[in-house]
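Peer 1: Spelled out, the chains give:
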Amino acid sequence: MTDIFSIANRVLKIAEEEGADHCEVYIMNRNKTDYTFEVKAGKKTFNGISSTIRGIAIRAAKGGKLGFGYSSDFSEEALRFTIRSVLSVAEETQGFEGFTTPKTVSEVKGTYDDETANLSIEKAMELIDLFEDSIKGVNEDILILESSLRHCVISTVIVNTAGVEVEEKGTYIGIGTTLSVKGKEKITYPFNSSRRTMNSLDLEKLGETAANDVLRLTEKKSIETGDYEVILSPKVLAELLSYSFTTSLCADQVQAKLSVLEGKVGEKIASEKLTLYDDGTYEEGLYTTKFDDEGTPTQKTLLIEKGVLKGFLYDSITANIDNVESTGNCVRWEPPTWDVFFARSFSCRPRVWMSNLVIEPGSKKLDELVGEISKGLFLLNIFSGFTMSPSGDFNLPVVHGYIIEKGEITGAIKEATIQGNVFETLKGINAVGADIDIVIPDSTSGSLISPHIRLEKLKVISAD
Amino acid sequence: MVEDIASVVRDLSSLYGVNSVVVLNSEGEKIYSWHRTEADQRRFQLSGKDIKDTFDINKEFIRLAGGDQLRNVILRGRENIAVIEQSGSVIVFAFTDMRANLALLLIRVRRVAENLAKRFGGALI
Amino acid sequence: MKDVLERAVDKAMELGAEYADVRVQRTYSNTIRIVNGRVERTIPSVELTASIRVLKGTWGFSSLTSISETDLLEAVDKTFKTAKVGAERIPEPVKIKEVKPVEDKVRLGDIQDPREIPIEEKMEIIFECDKAARSIDARIVRTDYNYSDSVKEKYFCSSEGSYIEEIIPFTELRIVVVAREGKVIQQTIGRIAASAGQELMAYADPLEVSERLAQDTVKLLSAKSPPSGRYPVVVDNGITGLIALSTGLMTSAYFALMPESELGSFAGKLGQKVCSEAITLTDDPTSAGMPVIFHYDEEGIAAEPVNMIESGVLKTYIHSRETAYKFNAEPRGHSRAPNALFQPKPIVSNAIIKSSDLSFEELIEDVKEGIYLRGVVGATIGRIIQCTTMMGYRIVNGEIGEPLKGATFIVDASKDLFNVDAVANDFDVLPLRLIEGDKFYPVSGGGPHMKFKELKIGG
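Chains as they are written, first to last, in my numbering: chain C, 634 to 1097; chain Y, 38 to 162; chain P, 15 to 473.
No lab work stands behind these hints, which were simulated from the structure alone.
Take the hints with a grain of salt, since some may be wrong.
Claimed, not checked - Okay, the calculated beta carbon distance ranges per label pair:
id	chain 1	residue 1	chain 2	residue 2	range
1	P	125	Y	106	24 to 34 Å
2	Y	117	P	376	41 to 51 Å
3	P	376	Y	80	48 to 58 Å
4	C	1095	P	123	52 to 62 Å
5	Y	113	C	724	32 to 42 Å
6	P	382	C	1039	48 to 58 Å
7	P	49	C	1090	38 to 48 Å
8	P	239	C	643	57 to 67 Å
9	P	175	Y	47	52 to 62 Å
10	P	175	Y	73	48 to 58 Å
11	P	429	Y	125	55 to 65 Å
Said to hold, decoys possible - Computed footprint of chain P on chain C, listed as stretches where at least three residues anywhere in the stretch have a Cβ under 8 Å from a Cβ of chain P:
id	region
12	666-673
13	696-703
14	717-731
15	752-758
Beta carbons: idealized from backbone N, C-alpha and C, even for Gly.
Given these sequences and hints, build the entire structure.
Peer 2: This is the structure:
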């Protein structure tokens, strides 16, 4: 790491030589390994990929104007070229008053583990075997079309001319599979789970869950178009919340008058069953970090309390505009950047965005949520919500889901689309489960830590 | 007025790689010319008539090919580019070496021609 | 560069590899975005990417952003071990088709190198275009300019003795214009892109393109919405290009080996009719002026045009060395990757449907009541192509009629491609970006105007 700090400080020096008044250097190193076994045209194949990606992002200001650029070439020549380019493209930026000053960074737990970082290929193969065995243990007719294991170490360093000098290291591990059932090969079920450390990834339980899901999904039945009482899995909720809704919680959008939640702090915007945080310090959270992407300590920020909007997310620039403190939500991410663990990258310009969205669990077990429904649906997986319009209107096909009749799961949804508006949907929550899962939405940065929730009604269009 | 024309033409003459700029009225009379160096001026042998004739020949050429109005003439040598553009009663000619940003050159020639036509449209006699 | 890359592949062979290659790509790029005349962002960047691929029963692959000898040699060790362990767990070893080694250096052609143009000049061009578009009409409420240029320096070195260097430029401008009148909102998109330098911004005349686009956008405000239903449909070159691209992807042996995948429907169809006889489909990464150009692919094989479909019959897939071995075919330089961080796989570059000798007028002369669609706004492709077009026209008794707003249409490749009646004698190409998970490939599709006997519009 000392090596990285010396590179970072070298950049500050070059920036000074080139006439910058302020400079910030962000260096990210991502070390990722991915093993995949896949059945292609009836034959098992293997793909083993590892990557070590590092890059340096530079923000520099001269005469009050701020610019951004990046390089993955660490040579003196490339760094100087980048700084010159950054200064040549610098723009007036409202709210920029210099970079973050040093503060005590947050203590976080469960975000790094040596064993996960240094997982050998032999150990990885054992883990895949364990996972596959737990799937096959449920039913011998289950076909494993794909199984994969990946792990990753990310280290970041931030240094700026205001005196910030911070570093951190995090680990990630994930398992994935695509399953089918003999005689029902048309139905394929993808399943994924990611955690921060090897010990918190319960492979046996995950294998059983995936296997039980696919078995229940083979009994496809048509449903009728109409309003249904619906249980949303954390994954479905992540797809609904992570685009328009999250965007409207970001201070830059509020300040640009693009957020439908502008001016609604203190108002009831959701069911009183809903309490929501953004928590960059959540233990073992996938987006848990000691500091945000400009070096501000992360924190737990109350966004919705019992349905009432409490506030917005800020980075240092938007905080200056509203004369408040940053909530530690400076995030280096832009669409369509995506990663199975951590979608932030040195190549993205900093902005305001979520870390871990956390929904406070309720008291009902999943069995109870299901048992109380006389006629309804249980959605496991839907199309990604990233195409959603800023108004929050959605129209998304269901990928996998169950039919509930008289408190029991009686089949799987054949083909259907859900329709509605995210902001309206949140008003209709009638129960929040007691369980917790950590999931990441497609095509965006951030995770959702949430129980299953139940909606009074949701419009479902049958495709038959 | 020459001062005023010079201030409009500066937009073009300040572009990297541009060596000569000539402004003509619709009769083909030189009403302004600029050369980056004395050497450029010495080498430059084109008369206003040469420039106007080239533009007119091409105007006819486009018409005979079945085309519409001619906007500009672009000539590319191995080492140089020449552009002639007409806007209203003004013809602007620019001569550059290959270092010039061709895209920006075309934009600025057009802008200068339009601005001159706008400001001095009737007065360039 | 050559020495260090050779030492890396030599090391892999010493460890016992059957084959190894190293790829390096250094990309200099600039992106500029100007929205409503204001700079939204400008990002300069230098990206260095490298990867090592080792064959030992199966592939091991490592990518990195360093080309130091220590880092490369360490990656070789790891990659070799990955391949070896993985190979023990699969039933059939991976083999690759033999090819002759090549040594070559492809220099930057006669272009205006974007690295030598100050960013202020590039911005001025875009500002001018933006101003021109917005000054067309007060009803234009939004203009969005996305400009990017890049120069890629690529290096390839294999254990078989190939060593190739190639420099590839790319310049692109995407323009979105939105007009509004009351509640009616109209959006149009213009695209300029080529494997070229800054001179593209002169030849492609972005100023003219901007003005036209703005005029079209305003005109469309008062156009009627297209009807829904099944109609005879004529599509413009760009939409033909989109269909060519989607069909071209299905001719990749990579997808043909995954019959269950969305693009796997040409599996097992070699020698069979897969679409109308009017369609002959070529992938050509070598022809000048096209959006994607390379002399050598990501496996160091000289690229050449390939006719995948001739008069509706699937003649060949496009191959990597691995798929070429499986199908006993020749790899002809169509393996691609977004940069050196990703594994190569056969993907089309410029997918082109061949023109006929029919004029546009002849193409539409027997259409009594149909729709003519122009311009691609957005699309998802696969076996089902779903596309939103920019605008349309009615065709009445063989003549172009009133203008219509854009329509959405669906092409089911397994059925509708047999419904292509005829193609015209013109040609144009549409630059596109193919996004697949975290990967993004510049691609293009092109061809003539094309006529469907019947196609589903709207709804």
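Peer 1: Determine for every hint whether it applies to the structure shown.
Peer 2: Hint by hint, here is what the structure shows:
1. P:125 with Y:106: 24 to 34 Å: holds (30 Å)
2. Y:117 with P:376: 41 to 51 Å: holds (45 Å)
3. P:376 with Y:80: 48 to 58 Å: holds (54 Å)
4. C:1095 with P:123: 52 to 62 Å: For residue 1095 (chain C) and residue 123 (chain P) the Cβ distance comes to about 57 Å; the hint holds.
5. Y:113 with C:724: 32 to 42 Å: The hint (32 to 42 Å, Cβ to Cβ) holds, given that residue 113 (chain Y) and residue 724 (chain C) are roughly 35 Å apart.
6. P:382 with C:1039: 48 to 58 Å: Because 56 Å falls inside the window, the suggested range holds.
7. P:49 with C:1090: 38 to 48 Å: The hint (38 to 48 Å, Cβ to Cβ) holds, given that residue 49 (chain P) and residue 1090 (chain C) are roughly 39 Å apart.
8. P:239 with C:643: 57 to 67 Å: About 60 Å separates the Cβ atoms of residue 239 (chain P) and residue 643 (chain C), which means 57 to 67 Å holds.
9. P:175 with Y:47: 52 to 62 Å: At roughly 58 Å between Cβ atoms, residue 47 (chain Y) and residue 175 (chain P) fall inside 52 to 62 Å, so the hint holds.
10. P:175 with Y:73: 48 to 58 Å: For residue 73 (chain Y) against residue 175 (chain P), whose Cβ atoms are near 52 Å apart, the range 48 to 58 Å holds.
11. P:429 with Y:125: 55 to 65 Å: Holds, at about 57 Å.
12. 666-673: holds (count 3)
13. 696-703: Answer holds; 4 residues pass the 8 Å Cβ test.
14. 717-731: holds (count 5)
15. 752-758: holds (count 3)
The structure shown violates none of the earlier numbered hints.
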